[in-house]
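With the UniProt record's numbering, letter number 54 in the sequence shown gets 54, and the count goes up by one each step, no holes.
Worth flagging that the hints you see were computed from the coordinates, not collected in a lab. Mixed in with the good hints there might be a few duds.
Label pairs and their computed distance ranges (CB to CB) [unchecked claim]: (1) R145 with T249: 15 to 21 Å; (2) L229 with A158: 20 to 26 Å; (3) A342 with C231: 26 to 32 Å; (4) G212 with H63: 50 to 56 Å; (5) S259 with V65: 33 to 39 Å; (6) P269 with D159: 50 to 56 Å; (7) S259 with R92: 40 to 46 Å; (8) Q262 with G181: 32 to 38 Å; (9) H63 with M273: 38 to 44 Å.
Once the Cα atoms are required to be at most 27 Å apart in a straight line, the calculated DSSO-like pairs of lysine-lysine come out as [claimed, not checked]: (10) K161 with K128; (11) K198 with K161; (12) K198 with K248.
Glycine is no exception: its CB is placed at the ideal position from the N, C-alpha and C atoms.
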Amino acid sequence: MTGDDPGSPAPPVTTAPVAVDTMGGDHAPEQIIAGAVEAVRAHGLRLVLVGQAPRIRAELDRHGVAGDIPIVHAEEALAMGEGALASWRKPRSSVAVACHLIKSGRASALVSAGTTAGVVVTSRLRLKAQQGVLRPAIAVTLPTRPRPTVLLDSGATADVKPESLVQFAALGTAYAQVALGIERPRVGLLTIGAEPGKGNKVVRRAHELLAGGQQGVEFAGNIEGDDLLTCAVDVVVTDGFTGNVALKTMEGAVRMAMSELQTAIRSSPTAKMGAVLQRRRLQELRDRLDSETYGGGVLLGLNGTVVIAHGASEARGITSACVLAHDLAAGHIVERVRDQIAATRTSRFGRRHGDKDGREPRPESEQPPFAPE
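Given only the sequences and the hints, what does the whole structure look like? Please build it.
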């Protein structure tokens, strides 16, 4: 399982391991740890598991890897269904401890399948927004052809200002460059019509700012909802409310389509035989449309890399999330976002309010909320 074994995966290029929140998600900790173990075995990743140490050790022992993956104990967890206030009430939760590992340089990224609100709020409290960033955004990858499309925000910030949408364009540009290898991503603004004057006041003003050509992004104009899956652009920008509704609608449509396909396959012997002949193609289609293939959403705009896996993720989805987190950290996504945000600054949001020299305020000292195992 180590990099010294013959035929083992090449060692990761990041110097710090990815921190995995083992307590978040519908299937925690069993499926979370199973996915983490597979990430180590199949991809050679370095991980640190954060959560209740006795339960983690028991699962690692069941997989035959006890002692091979480091553990950091965290007694508390952000339970599914808990609101954002739990982030304040549980300062020693597994997500908070993982964020401290990132701040202290002991982890390169965080993976959590916990409640989105809890992960977002805790990450913002612990890691802080990058200088100049108004609001963070969650970027997700859509399985479009011929190449994937990035959608953001998909749920971090419901109400936004025009300048926030401009920044989301910058965040999405940096993400598409690092995660998808697109040198100059084309950015579209999601609204109700392709014409510049379509949409509410926020969208119309954001269009004016982006169309000005001085924001450091390749703006392609407005796009409508029926273009989300056509690869019309590389990055789709919207507010978190609209983006989350669009994402959940697409997920539901995919489930319905796959269910209808299965019903059609079982409808007759001829259909069943056709499915057998096309088994490989059907498997490829299922994998391409499965959210677990893509790992999860990425919370952009913070001083740290945070991947939020689907709450219902099983082992395969967690493995994908760990690989995504490692690749983003190795690609210096935080630094790329910082550079891209710097290129989009205007007099309205180039500095934080009250920060006269534009520097990040010095954070208060923080005691480590954990004891390493």
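Inset, instruction - Hint by hint, work out which the structure violates, then give me just those numbers in ascending order. - result: The structure conflicts with no hint, since it agrees with every one listed earlier.
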